[in-house]
Structure formats: structure tokens, C-alpha cells
Amino acid sequence: MDLNPALQTFVAECDELLEQMEQSLLQLEHQPGDRELLDAVFRAAHTIKGSAGMFGFNAIVSFTHGLENLLDRVRAGEVALDSDLSALLLRCGDHIKSLVPLAVDDRALDSATIAIGESLTRQLGAIQVPLEISLKSSTVNELAALLDGSAVGSPGRPASLANDFAVLVQDDEDKASAVAVNPYWSISLQFGPEVLRNGMDPLSFLRYLSTLGDLVSVETLDSRLPPLADMDPEACYLDFEIQLDSSADKSAIESVFDFVRDDCAIRIVPPTRKVAAQLAAVATHNSGSAKLGEMLLDVKAVTEHELASALATQKAEAAAREAGEAPRPLGKILIQDAAVPAAVVDAAVERQQQQRSAKAQESRLIRIDADKLDQLINIVGELVIAGSGTQALAGRAGAPEVVESAASLLSLVEQVRDSALGLRMVAIGATFQRFQRVVRDVSQELDKEIELSISGAETELDKSVVERIGDPLMHLVRNAMDHGIEPALTRVASGKAARAQVSLNAYHDSGSIVIEVRDDGGGLNVEKIRRKAIERGLLSANANPTAQEVRQLIFEPGFSTADAVSNLSGRGVGMDVVRRNIEALRGNIEIHSEEGVGTTVLIRLPLTLAIIDGFMVGLGAARYVLPLDSVVECMELSGEYRDDVAGRGFLNVRGEVLPVMRLRDVFDIADSGARRENIVVVRAGGLKAGLVVDALLGELQTVIKPLGKLFSYLQGISGSTILGSGEVALILDVPGLIKRVENARLQGLAVV
Amino acid sequence: MNTDWSTAYGLGFPGEMNIYAAAELQLQVQQALIAEGPIAVDLSEVSEIDSVGIQQLLLLQRECLQTERALRITAQSAAVEEVFHLLNLRARFF
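Going line by line, the protein sequences match chains A and L.
For the record, in the first sequence the residue sitting at position 649 is 673 according to my numbering, with numbers rising by one throughout.
For the record, in the second sequence the residue sitting at position 77 is 81 according to my numbering, with numbers rising by one throughout.
Derived by calculation from the structure, the hints in this document are not laboratory data.
There could be a bad hint or two in this list.
In silico contact screen, one side only, chain L against chain A (beta carbon under 7 Å); selected entries [unchecked claim]:
id	residue
1	Ile23
2	Ala26
3	Asp54
4	Ser55
5	Gln59
6	Leu62
7	Leu75
8	Ile77
9	His89
10	Asn92
Don't be surprised by glycine CBs; every beta carbon is placed ideally from N, CA and C.
Bound-form chain L, shown alone (with noise of 0.2 Å):
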């Protein structure tokens, strides 16, 4: 698996992260995807994220999984903070 993470695919997802959001999310997601390299994911900037977000982050992680390229998340938002507490989904992305 290449964790060189200087080559990584960064992954920023600036504003919102819901179902008003949901089709550029998703392609946003897909372009990772396809994309070669570790993917760095930047939260940050996330001002407000629902379950549309967090399946389209939960559908990358097991994208990555299964093609066995290295995920990462490198920052994130309070907002986000927030919603992985509360689904207890901490211990899966750090």
C-alpha cells in the first residue's frame, strides 16, 4: 500500500456537507477515487455536516478499504467533531 503521503490526493470538502450538497459530494468522492495515492481527507473547512456526509465519507473509507489505498483525515471542523461523537465514529477514522 503506498502511504507516502507526500504524494497524497487531497481531499478538501470547503462549506457544506449535506443533502444540499449530495451530487458534488459524491463526485467529489469518486474523483478521489480514481485518483492514484494515499487520500488526505482536509474536514477543516466543514461548516455543517449531515448523513449525507457521513455516508459519502463512510462509502470512501470502505472504497479504500477494498482497493487498499491509505486514507486519512487530516483536520476537521467542530461541526464534524460534533457528529462523530455523537455516532461514536471516532475510533474509525483516527
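Bound conformation, chain A alone (with noise of 0.2 Å):
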């Protein structure tokens, strides 16, 4: 689609509209006949059609129209919006984002839109009201009527009902209304005494006006012809009132008299049809310095000369007035001056006031193009890069300035970077908000009382990782009420309460942001699990593993535990593409139930995909970075611990059991029997680990370059980066390395 930037403002704010509604009739669920949210649904219907109808999509107008006509009703007490109505209103809402894009593209409706807007407006319209009103049955079926004409061009249906609904817009507009119905341009013309003495003879101009359309109708005045004895034949005293039917515009039309225009009065008022095409630019117009004049100049409802003139006055009346007092504004000046409509100038200045609002709220909000912010983090990726280098340069020159200076710069080039990653950072609410129409839909569909409830909606994470949470999240959700939730009996039989609770919870965990879907449904069922497994070939029958290793499982390809394929989920593709999406984002999936109690969903994702405070360590001569977040502390490896590791792979860490691994080992690197080694004690997803690595290098800053595709089966990489120094160092994967940990151990165990 490529748009204009009227058209897509319009598409951006239905879309922004339609949300809203559908947000205000889900609440409305929760509060019954609450008048704000009431008044919100009719708000965005109302703009909407306004919207629509300026366009000139006739479509959306009609149909929006019967939708408003109904909400008014509602508002007025006269409809009850019950839960049925509701969900038809929905209906309405999906319908109107379908007609959309059609009408932007201005493309046909194909048959099953026409047929979905046609069922709509039907149903709409066999809406009764209630018997003791029912007075106002005609009224219902006007709106019936008038429903009916919702598709433009469907069967029988004449489009020109259509076009009534854009007149019915118009007229909405009292202001158009207000200008008396006058059909052509009225022009007084009232000529000085020295024209004629100038060579000029009004009646040429008369002519010549006549070649710009039809003059219906000219009045010639004689009442300044002065008596007889004070008469001087050669000037001149007639004044003309002409009443012209032309498609000229206003400059046009005084251009006629650019010879005569210092010698002669001119008021040109439009016809009303003028007025209102006027009334309607000014209600779009946009101009960046939204100048009174300069508005009314760009829809033609002044000319420049009367403009100039107008200023002019305003210039010579502040000039003449004592101080203190105000000329008169220039909206009045070219009322009574120029004939511009006051209902123009009234409009005109509605509009300005509301642009120098919208202003004051884009001074506020910025849209910016995605692409541009990427640069912008690409780049500030490379200075945070450069300005290690560079800082351990100065580390190096030992100059005591240099290096505070250095320290310095770093320290603002982090703020920089943090500022940088903060503009990608969104709130998770708006896409949790998604989710309440999921619910409510689906519920309904399998005939389950749901009720989701949302924590945490203020967490703000990366927006490409926002972008891409979506689907995952949504398949979660899906699974957890198709899966999870039993149905109503077998919950009152257990002892539970009937409406069953979904939760999305978002919360932020050391340097990576935790999203929880959970049920209160009747848990995973291991040993149901365990069987699958075992029939799918996924586990071997004389395997012995834990409950929560069993659980995972449902993350395995193709692995699906619904007795009846539903529409909704169990066709065996799922936990496993979300697990999958979820790793793309760097991003780990865990499963924790209790059958009987419910089921919890832990996405762990990381807050941005750019760049990570890292933490290096040397192996030898190679540099690996640990994301900081995941280290917990970092000790010495002495000769006693040293055994332990050898040994057993553990250690006894004030009490506690900490799996510990060689970096050497796993990365098969030659022991150079470095004299000094050191445990970095990482963390990811509740398991703690230690990592044996030769030196403790600092913390830096990371800028993550992704790994190409040949490496992306690599284990315990998650990516590289580049120091300061031009060195390429590799960015260890936490939580892979951790989970390798506790394999081993399980081995470890499995051979006990």
C-alpha cells in the first residue's frame, strides 16, 4: 500500500479507534451500563464515520452509521447491551477493520465481506426495543431501513443510499447548515468615480466575468447618482450585484478585476456548495505553521489580495487604536470585510486551536521510522566499542588525565547507550490487552467460564522483542484454557471454583524480563506424559527421569497429549514452535504444574537484543564475555576446591552444592596449566553453576553480533563481539552451559 500520509493518519486511527472500542465493550462486560466506557464505544464509532465519510468511503460510512445509530439508542437507554449484543458489536467492530484496508485500496468488496456486512446489519437491525417504548417501532425499523444499505453495491441495493448517508454527514455538521442555501457566487461591485475618467468602463468587466460562467442574474444600483446639477458625466456612480454560476474558484473570479481593483469594491462571497468543500478542506487541513490566513488562503476561502488587505487593516487599526485596546482579530477583519463565511473562519479557527493542541502533544510523541533507531543502536553499538578501545588504551599510556578523562567518556557513552536502548523500550500492556478478546472469544467457543486477569503490564521490553512475543504468547494461551482449564463440572466436582483464571504476568528479573502464562486448570499429568514420550519415541522405556524433566517434554516436536483434536490446538504442532520462536529471541521456555492445581508457562527473554554489560574471563589467550546479569560471584579456585572439581564436579559452597565445570574441558582447550584458576559462580533460570576459568578480566560493555547460520547448532555460544583492542571475543550461553552442567550431573547420577 502505498499512501499518502492523509490516508494513512486515517488508517492508523481506526486502527487505534477500533482498539479502543473493542477494549471499552470488553470492560463493559465487567461494568454493566458504565457511561465513559459507553460513551467511548459511540465515540470511536462516531469518528470513525466522520473520518470515512471526508474520504468519501461510503462503505465504512453506512455501515458505522447503523452501528452509531444503535450505540445511541444504547446510550439513550433504549437498547439494553447485553452479552449478545455485545458480542455482535464486536462483530461490527471486526467487520469495520475488514472494510478498511478494501476502502484504502479502493478495492470491490468481494462476496463474503458483503455477505458478513449484510448479516451484521441484519441482525443490528432485528434488535427490538423494548415493549414499553415500542411506540418507537418505526423508528427501529427506519434503522432497519437504513442498516440494510450497509454494503454499497450489493443485490438490489441502490448506491445512491450510500450517498444519501455522506449527505446525512454532511448535515451532521450543523455548520454547513447554518450558511443560507445560495447556489452561485455573490459579488457586489462597487466602482469609484475615476474609473471611467481611467479608461475603464465597468460594463467590460461585466463582460469579461460572463466568460467565467452563466450570470444568472445582475442587478444594476443607481442610488449614488447624485442630483442633476451635482452630476459629472464622467464619473461614475453605478454599482452592480451579480449573481454567478461558475466552478471558478475565488481568485479566479477576482483576478477579473486586477485592473480595476484600486478603484473598485469588490466582495465576493462563495456559493454555499463552496462553503461547504471550504468547511471540509479546513476540517483536514494541515499545515505546519497553521496560520489563520494562511489556512484560509490554502482553501480558497480568501483570495491574497483580500488577505493582504485584511492584514493591512488589522495593521492600520492597531496602529490607530490607543494601546491597550486590541484590534479587531483578523477571523472578524475578513468576515465583515472580505465575506468570507463566518462559518469558515469559525471552522478554521476550531481547526487551528486543535492543531496547536495536536502540536503540543507531537512535541510530546514522536513517531519515528523504525529503521532510523536501528542505525541509531548500530551506531552506538560502535561508539560503545571504540570507547573501550579506547579507554584501555589510556589504561595502558598511564596517564592519570587521560584515563579519568577516558573514564569519563564512557561513563556518559553508557548513559548514551542507555537512552539509545530506551527508546526501543515499549510496555508489554498493549499486547497483554490483546488478549482479553482471545479469552473472551475462545471461552465462549468451548463453552468454558475464563476470566483473565493481567499483572506486570507496565514491564517495558525491547519492541522488536515485543513484536515477535505475540504469537508464542498466543499459542500459550490458546493451549492453556484448551488444555488446562476443565470443563465447569469436573472443576465443581473437584472443588474449584467454576470460572476458571488465566493469568499473563511480566516482571523483570536480573537483565531479562520473565512473562507468565498461567492456569488454574488441572495441571500436566506426568505419567499421561511420560506414556506419550515413550510411545513418540522421545524417552526410552527404561528411562527413569524427574517429574519436571517429563514436563519438558511437551516442548518436543511433535508431541501432543489432546485426546480430541480441537479447533483450537492439539494437532501436535505447537509447544515446540514456541519453543523455537522463543530460543530465537535468545530466550529460554520452562514448564512448572501441579496436577490438580494448574500449570505456569515461564518465558525468560532477554530485555534487548543489541547489546549486554558482559563480564570477561581469559582461557588461556582467548577472551569469553558471561552476560553480567548471570554472574552471582566470582572466588578462587584453591588447591582443596580443586580436588573437588576434579573429582566429583561439585563443590561445597558455604553449604551449598554448586555443579561446577571446566571452561577448559568444554571447549576442549589444551591445558597450558595456567598456575591461578578462578570460579565464576553464573546463574540462569533458577539454577546456579560455577565456570572454571583461568583470569578474572572485568566488566565491559558488549555490543552482541550475531553468530552466521553455520554456527548456529554451536553449543554454549550465544554470539560474539568485538573488543576494544580489535579482538574477537565469544559470548558464552549461560543457560546452555548450565543445563549441560546439570546433564552431567544427571548422568553422574544415572551411573550411581
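Each chain sits in its own coordinate frame; assemble them with the hints.
Structure below.
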């Protein structure tokens, strides 16, 4: 879609309004009769209709018009908003959503869309007014008749009906109807006495004017003719009132009188339809400066000459009046002197104010091309690398001033980095809110009573992550409702509330964001999963995994426990795809469940995909980086521990068992026999492990460079980075390493 | 009001009724107004008429109305007819 800016705004506005309408309708189900919510729904429909009318999208206008009428009735208390009507209104919103792209692309409605529109309008029309005001049923029928016209171009329905709606919309603007109807240009000419002597004949201007259109009527006024004795035969005393039927614009008409302008007072009043057009133009007028005069000039309500003379008048008045007394506002001068219709000036003033407030709002929110932001973050990344390099060099140079200067520079760079990354952060709330509708629809479909509660909506994370988390979350929520939540009867039988709870929660935890999808359903049946896993060959029959490990099996490809394949889930694709999606975001997913009590899925995601604070360690000559957030503590690997590590792979750290692994072994680096070794205790997903390294090299900022496709199967490494010195360091995948330690431990146990 | 057209004052404008003849036109109108009886205006010989001529005709008409003298245009040339039509003055003079 290659849209002009106005249309883009229209599309964005419709999206927002429809979203708002949906949210308000959903909230109304919990707070029936809430006036503000009802008003919000109505306003949304009304605004969509108005904007669509401006662009001439008649299909949207006519459909929304009917919807708006019904909503008006609901507001008036004539129709009760019950759950059926609410569902219908939600579907109407969906229908408008589908109409918008069609209208914008100027495509014809396909038969399916037309059918949906007709069906919806029929249903809207069928809504009966309660008996006590059945007298008004004629208006209801009228409404139904109006609504029937929703699908423009539907069989047997004249498209002109839609045009009528467009007129209705126009009439809504009471300003348009406030202007007396006059289909012609009204031109008043008052010629000065010197015109004739200057060699110009008023008649010739009239003849010229008649070339622009039809002179419907000309009235020659001789009231200024003096008594015979005072008459100067060469002076002009004639005035004319002319009605001109012409499609020319105001400045074209004015230009007829170019040669006589100084000797003639001219008033040109546009025909009513021009006023309406000007009103419409004013309503959509967009200018940076939003000066009243320029706006009126743009919509051709005044000519340049009129504007200049009005401004001059204003200036003269300002000069003439006493200090402290304001001259007439420009709008007033234009109305009085230049015959600009008052309605147009009023509309322009209103628009001017609107734009001012919009501007004030815009200055708080700026829309930026995402690419520009990415570019900025890339450059900041390079800046961070270069900054680290400078600091390293300064350290080596040893001059204290340079070191200090480099340090303060780097701290500024860090701030720049944080602000730059903050630009991309958005609250997850909007993503969560979308699930209200999903839960509502699905719970009706499944005939289960399910309530969605949301917490941590204000938790922020990177926009690119938010965009890609929607699908996996959708899958998890649907899964929870379909598989997790038991039928109401089962719930009651097991002593639970019939109304089930699904909750979405988000919070920050050590440099990651955690998203929880929790349900209070039946939980996972470990035995069932085990049987299935063995059946599918995911587990050997004699294996003896823990319950937690069995639960994680549901993320394996091709695993599904649903007894019946439902509409929603259970086709055997799903959890593995969810896991793949999450892992693609450098996150991980785990499932906790207690049978009969409920299930919680935890998704852990990095806050950002670009830059992290790192902790550098050395193994021989090679450098590795650990995400600083995952580092718990560091300690020296002293002699007594050394034996423990070599022997059991365990350490006793302050009474706590800590699995430990030597990174040298993991990466198969030949033992150079470093004299000293250190342990870095790392944490991920609730597990801790110790990693044995040679040297601890301190903190640094790290710009993550993704590894190529070739390395996508590499374990234990999540990316690479370039150090200030230009060396490449690998970033360690802490969760992956911990998993490896755990596996080694389990194998060790199995052997034991 | 004297409407005996046989005694009418004949006012003819042969040639141009425009700015170039302005003074002369006004003199003719003045003379007609000083004279007695209804005024019959013959515009058949007018070759050209502009605002100046129209103003004189409107002045003449006003004076006649004020002094209750009968006024009639007996004939008009094509040039006059065109301007009368343009200014929507036919109804006023006929």
C-alpha cells in the first residue's frame, strides 16, 4: 500500500479507535452500564464514520452510521447492552476493520465481506426495543432500513443510498447548514468615481465575468447617482450585484477585476457548496504553521489580495487604537470586509486550535521510522566498542588525566547507550490487552467460563521482542484454555470455582524479562506425558527422568496429549514451535505444573537484543564474555576445591552444593597449566553453576554480533563481540552451559 | 401626467453614448428635462454605449419619475439592446 499521509493517518486512527472500541466493549461486560465506556464506544464509531466520510469511503460510512445509531439508542437506555449485543458489536468492529483496507486500496468488496456486512446489519436491525417504548418501533424499522444499505453495491440496493448517508454526515456538521443556501457566487461591485476617466468601463468587466460562467442575475444599482446639478458626466456612480454560476475559484473570479482593483470595492461571497467544500477542507487542513490567514488561503476561502488587505487593515487598526485596546482579530476583519463566510472562519479557528493542541501533543510523542532507530543503536554499539578501546589504551598509557577523561567519556557513552536502548522499549501491556478478546471468544467457543487477569502490564521490553512474542503467547494462552482448564463440571466436582482463571504476568529479573502464563486448570499429567513420550519414541521405556524433565517434554516436536483434536490446539504442532520462537529471541521457556492445581509457563527473554553489560574472562589467550546479569560471584579456585572439581564436579560453597565445570574441558582447550584458576558462579532459570576459568578480566560493555548461520548449532556460545583491542571474544550461553552441567550431573547420578 | 406622445420631446442620440461624448450627453439630458411634455428617447442610432450613457439614461429616468414626466424609449440599436440585456435593465425601461 502506497498511501498518502492523510490516508496513513486515517488507517492508523481507525486501528486505534477500533482497538479502543473493543477494549471498552470488553470492559463493559464487567462494568455494565458504565457511562464513560459506553461513550468511548460511541465516540469511536462516530469518529470513524466522520473520518471515513471525509475520504468518501461510503461503505464504511453507511455501515458505521447504522452502528452509531444503535449505540446512540444504547446510550439513551432504549436498548440494553447484554452479552449477545456486546458480541454483535464486537463483530461489527471486526467488520469495520476488514472494510478499512479495502476502502483505502479502493478495492471492491468481495462477496464474503458483503455477506458479513448484510448479516450484521440484519442482526443489528433485528434488535428490538423493549415493549414499553414500542411506540418507537417505526424508528427501529427505519434504522433497520438504513442499516440494510450497509453493503454498498449489494444486489438490489442502490448505491445512492450510501450517498445519502454521506449527505447525512454533511448535515451533521451544523455549521454547513447554518449558511443560507445559495448555489451561486454573489459578487458586489462598487466602482469608484475615477474608473471611467481612467479608461475603464464597468461593462467590460461584466462581459469578461460572463466568460467565467453564467451571469444568472445582474442588478444595476443607481442609488449613488447625484442630483442633476451635481452630476459629473465622466464620474462613475454605478454599483452592481451579480449572481454568477461558475465553477471557477475565488481567486480566478477576483482576477477579473485586477485592473480596477484600486478603484473598486469588491465583495465575493462563495456559493453554499463552496462553503461546504471549504469547511471540509478546513477540517482536514494540515499545515505546519497553522496561521489562520494561510489556512483560509489554502482552502481558497480568501484570495491573496483579500488577505493582504485584511492584514493591512488590522495593522492600521492596531496603530490607530489606543494602547491596550486590541484591533479586531483577523477572522472578524475577513468576515466583515472580505465576505468570508463566518462558518468557514469559525471552523478554521477551531482547526487552528486543534492543530495547536495536536502539536503540543506531538511534541511529546514523535513517530520515528524504526530503521532510523536501529541505525542509531548500531552506531551507539560501535561507539561503545570504540569507547572501550580508548579506555584500554588510556589505561596502558598510564597518564592519569587521560585515564580519567576516558572514564568520564565512557560513563557518558553508557548513558547514551541506555537512552538509545530505552527508545526502543515499550510496555508489554498493549500486547497483553489484546488477549482479553481472545480469552473471551475462546471461552465462549469452548463453553468454559474463563477470566483473564493481567499484571505487570507496565513492564518494558524491546519493541522487536514485543513484536515477536505475540504469536508464542497466543499459542500458550489458547493451550491453557483448551488443555489446561477443565470443563466447569469437573472443576466444581474437584472443589474449584467454576470460573477459571488465566493470568498473564510480566516482571524484570536479573537482566531479563519474565513472562508468565498461568492457569488454574488441571495441570500436567506426568504419567500421561511419559506414556505418550515413550509411544512417540521421545523417551526410552526404561529411562527414569524426574517429573520436571517429563513436563519439559511437551516442548519436543510432534508432541500432543490432547485426546481430541480441537479447533484451537492439539494438532501436534505448537509447543515445539513456541520453544523455537522463544529460543530465536535468545530466551528460554520452562513449564511448572502441579496436577489438579494448575500450570505455569515461564518465558525468560533478554531485555534487548543488541547490547549487554558483560563480564570478561580469560582462558589461555582467548577471551570470553559472560552476561554480567548472570554472574553471581567470583572466587579463587584454591587447592582444596581443585580436587573436588576434578573428582566429583561439585563444590561445597557455604553449605550449598554447586555443580562445577571446567570451561577448558567444555571448549577442549589444551591445558596450559595455568597457575591460578578462578570460579565464576553463574545463574540462569533458577539454577546455579560454577564455571572454572583462568583469569577474571572485569566488566565491559558488549555489543552482541550474532553468529553466522554456520554456527547456529554451536552449543555454549550465544554470540560474539569485538573488543576494544579489535580482538574477537565469544559470548557464552549461560543457560546452555548450566543445562550441560545439569545433564552431566544427572548422567553422573544415573551411573551412580 | 401628460402622456400625449404627439407633444413629446424627442431626444435622440445619434452616434456614441460613451465617455468621449459625456459632456454632450449630459447637456442633451438637461435640455430634455428643461423642456415640457413627455420625453421620447430614440436610441436606434446609437453606435456604442457604455456606463456613461447608461448613467445618463438612469439619471433621466429618475428625474422623470421625480417630476412625473412620461418617458419612453421608442427605439434601440443592437448595441443598446446588448447592454440592456447584460445589465438586466430591460424591465426598467420597457
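Checked hints:
{"no.": "1", "hint": "Ile23", "result": "holds (5 Å)"}
{"no.": "2", "hint": "Ala26", "result": "holds (4 Å)"}
{"no.": "3", "hint": "Asp54", "result": "holds (5 Å)"}
{"no.": "4", "hint": "Ser55", "result": "holds (5 Å)"}
{"no.": "5", "hint": "Gln59", "result": "holds (6 Å)"}
{"no.": "6", "hint": "Leu62", "result": "holds (4 Å)"}
{"no.": "7", "hint": "Leu75", "result": "violated (14 Å)"}
{"no.": "8", "hint": "Ile77", "result": "violated (16 Å)"}
{"no.": "9", "hint": "His89", "result": "violated (9 Å)"}
{"no.": "10", "hint": "Asn92", "result": "holds (5 Å)"}
Violated hints, listed in ascending order, are 7, 8 and 9; each of the other numbered hints is respected by the structure.
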